[in-house]
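K.L.:
Residue numbers (my numbering), protein chains in the order written: chain E, 1 to 512; chain U, 513 to 883.
Honestly, the hints are just simulated from the structure, not real lab data. Please read all numbers here as calculations on a predicted model, not as lab measurements. For glycine and all other residues, C-beta sits at the position ideal for the given N, C-alpha and C. Among the hints, erroneous ones may be present.
Residues on chain U that point at chain E, a partial pick, calculated with CB under 8 Å [claimed, not checked]:
hint, residue
1, 619
2, 623
3, 624
4, 631
5, 642
6, 650
7, 664
8, 721
9, 777
10, 780
11, 783
12, 787
13, 788
Taking CB as the label site, the calculated pair distances span [as the list claims (entries may be wrong)]:
hint, chain 1, residue 1, chain 2, residue 2, range
14, E, 298, U, 684, 51 to 57 Å
15, U, 814, E, 205, 31 to 37 Å
16, E, 205, U, 516, 19 to 25 Å
17, U, 516, E, 201, 26 to 32 Å
18, U, 675, E, 468, 30 to 36 Å
19, E, 10, U, 814, 45 to 51 Å
20, U, 687, E, 302, 50 to 56 Å
21, U, 773, E, 268, 54 to 60 Å
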Amino acid sequence: MDTLTAMRYQTAISSVLAYNVFLIKEILVDNSDLIERPFTVTLDHELDGVIFYIDGLSNNQLISQALLDPLIHKSLEQELLGGSRQQSIGTIEKILVTNPEVKIVKTVGEAIDNLLTGESIVVVEGLSKAFTMGTKGWEARMPSEPATELVVRGPRDSFTENMRTNTSLLRRRIKDPMLRLKTQKIGTRTKTAVTIAYLEDVANQRIVMDVQERLQSIKIDAVLESGYLEEMITDARHSPFVTMKTTERPDAAAAAILEGRVVIISDNTPFSLIVPSYFWDGFMASDDYYASYFLGTFSRIIRLIALVISLTLPSLYVLLVSFHQEMIPTQLALSMAAGRESVPFPVLVEVLLMEIAFELMREAGLRMPRPVGQAVSIVGSLIIGQAAVQAGLVSPIMVIIIAVTGIASFAIPSYATSFTIRFLRFPLLLASGMLGLLGFTAVLYVLTVHALSLQSFGEPYVAPIIPFRPSEQKDSLLRVPWWKMNTRPTFAKEKTRQPDPLDEQRKGQKSG
Amino acid sequence: MVTEMTTPILIALIINLIYAKAIGLTEGIAAREVGNDFWMATLMAILQGAVMMVITVLLIKQNAKEDLVQRAKSIVGPILGGLIGLLFVLYFAGAYAVVMITFVDHLRDYFLPELPTIVFVIVASLVALYAMQKGIVVTGRIAVVGVFSIILLNILLMIGTIEDFNIERLFPVFRTGIMATFLASRHADTDFAMASMMTGMILPYIAQKDKWIKATLTGVFYGGVLVMLWPILECGVLTAPETGHYIVACMQMARSAEIGWFVHRYEMIMVAFFAISLLVQLMMLLYCGVEAIAHTFTQKSSRLWLPITALFSMTSYLIVIDHRRTMQFLSVIWPPFSLAIAFLVIALLLVIGYVQKFIKQRQRFASMKKS
């Protein structure tokens, strides 16, 4: 913003209508969607006014019904009493103020800020204040099935780009007066509304304060997606690990709030952030809680196996085939050797080629329109894979290794965690290919140290496994039945969730 | 930065510090010296290790805010205390070399014989440096992982070797005499000494002073139990003469273990599981070395990270490069040097500390009487 515009921005609303109109139009110059609608109200005196609104952001019908109609009706009903001009101005003010959606603003800047959020601005000749009218109304996507967190059993709605819709989705699930939704604007240009949602009596105030302080400290011109916020407030700025869980599922966000976490909802994106988050949260899916606890626990164990496979399988293959062949049972070693007989590349190059090809296919499948994307995946995986083996460019076992690794990475529910694991596979692969077991061990140790050194809003990232927190084991690698899930994570203020019915029964029997 | 740690982390660190060298290199050396009494020597070392640990904890308890170097300076004055501090630095450099020998010998001899030794030393030191830079709390947490992997390794080893285990190979005991077995226990003592010296350096950061003795003795006990399994299995499966033939006896043991057809050799499982313990040892010894020199010369420890890592790595490399030198260092030079510092110097400081305290109390009592 240049100095002149900044000066105009801070100017107080004048009682001269033409001056106010001039300032607003000068600041918002060359904006074809800025609608200026002059009107005249005839009371004892004829008074001119102007309504400003942004086409597409405001509801035209609402402006007519809630703003223009009362003014025009009043002027038609008004008997000429021979009052002063000042009295006429007072009457207009009264008409406008009786509308519950109306707020008074004193500066041009405030008026414009409200205008750009979809509200209408009314300026009237002789009044040194402007009125903002809640007339927001634009086309919005309805909650649909989440694209990134599919479940077999569970709700099918998801957050949308409209923050108010998102907060209402939370309110519909948590009908608790202690649910707090605090909103602030972030981004000097985008002024994006960001809401933090938490339960006052359950969430740890330290964490709530921490979230608020970090959000308030953000100095950025634009926030177009919650990813901006995530990078600005994360504990691990230079880490591939994701210390804040993202979700587009209202049920997952509500569950997090009920556990004592804080959910950060940003306008214009369906992805909200959950803090604090543990590393293991990336391996938990909403299904785990809706299906039987046996199934939930089994699924989690499968996902942990997927983690190990996804991270280490290619590296283990490379180090075994390149450096430590004696560790492979003879029969298996012979099969591997037979498969690799015609392959002209070293194992490391072969794996890297296949991994890069796989990532290319995944990326292409993601970016292409859905039907084409599926075709790319099928062509890539079946035809190219088969052709590469027949051409002797890669060994059959390599195709199996890469395919299993790829499938394992897709079994991880959190896309961000899955991406992290896929990314970390490469340094591990390079180290294993160059230094064998030494490289593999060293990189794995460094990654472990790094993960252990991370925190998410004051909570150790790899908790509750390390440091080991016995009370939180009910919902970590295992998922105990709901009647036993009676405690919240240790960071929550209110740690007891519900009494254990069996304990209650025992107590009852004792007292009886 | 002073960071408070919990007693379970201290226990985990002690177990890790005792374990890695004790299960292989130490047993091989002891087996060469006293035959199948080497498992008895390890058993004796647990008791001696407990005594060393108690002495160290009592010394630090005299002033819970000071580590070994600071205690030495407080007790015998800054000049003599500084010299003792330098002695401690030498100790940690030697201990670092000992662990580096264990690390290099496992990986070089059994997995990567063609890789230059310097690569092993550099990689291990860089990893230790990275961990040290993240702080001892992080290493403490890794030590917890290390304990789990140690337990898992022990269970796997038991399953894989139980078929070939013959208890008769453990007997008769004290064939070489009680005294010779006791003397042979000095090799295992050096492993427990590493744990007690490390404890002396980090104890001021451990919360709950009243639980120090219990926690450290728990660490020594569990560490000892986890180590004890190895000499018993090595003696009962490999036999003592066979154990004595190998520098890294535990790897030979792992090679002998198998579960079915597909898990036919354990070397890789072994390294995968106990590498954590080894790297925790390296990191902690590096940390203790840096702290010791920083407190000796009253310097900021972060400035010393790189030079001390380089110094320790170079010393280790010069020893580990040659097998003969390695064995000479491990079996002849290290035990007396290590025990002289970890036991004698610490015990001496403890006694002087108590005498000083006694004299001060007498003086205070006398002055109170006069007034």
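K.L.:
Determine for every hint whether it applies to the structure shown.
P.N.:
Results of checking the hints against the structure:
no. : hint                      : verdict
1   : 619                       : 5 Å, holds
2   : 623                       : 5 Å, holds
3   : 624                       : 5 Å, holds
4   : 631                       : 7 Å, holds
5   : 642                       : 6 Å, holds
6   : 650                       : 5 Å, holds
7   : 664                       : 14 Å, violated
8   : 721                       : 21 Å, violated
9   : 777                       : 6 Å, holds
10  : 780                       : 5 Å, holds
11  : 783                       : 6 Å, holds
12  : 787                       : 5 Å, holds
13  : 788                       : 7 Å, holds
14  : 298/E / 684/U: 51 to 57 Å : 52 Å, holds
15  : 814/U / 205/E: 31 to 37 Å : 34 Å, holds
16  : 205/E / 516/U: 19 to 25 Å : 23 Å, holds
17  : 516/U / 201/E: 26 to 32 Å : 29 Å, holds
18  : 675/U / 468/E: 30 to 36 Å : 34 Å, holds
19  : 10/E / 814/U: 45 to 51 Å  : 48 Å, holds
20  : 687/U / 302/E: 50 to 56 Å : 53 Å, holds
21  : 773/U / 268/E: 54 to 60 Å : 59 Å, holds
Comparing the model with each earlier hint shows violations of hints 7, 8; every other hint is respected.
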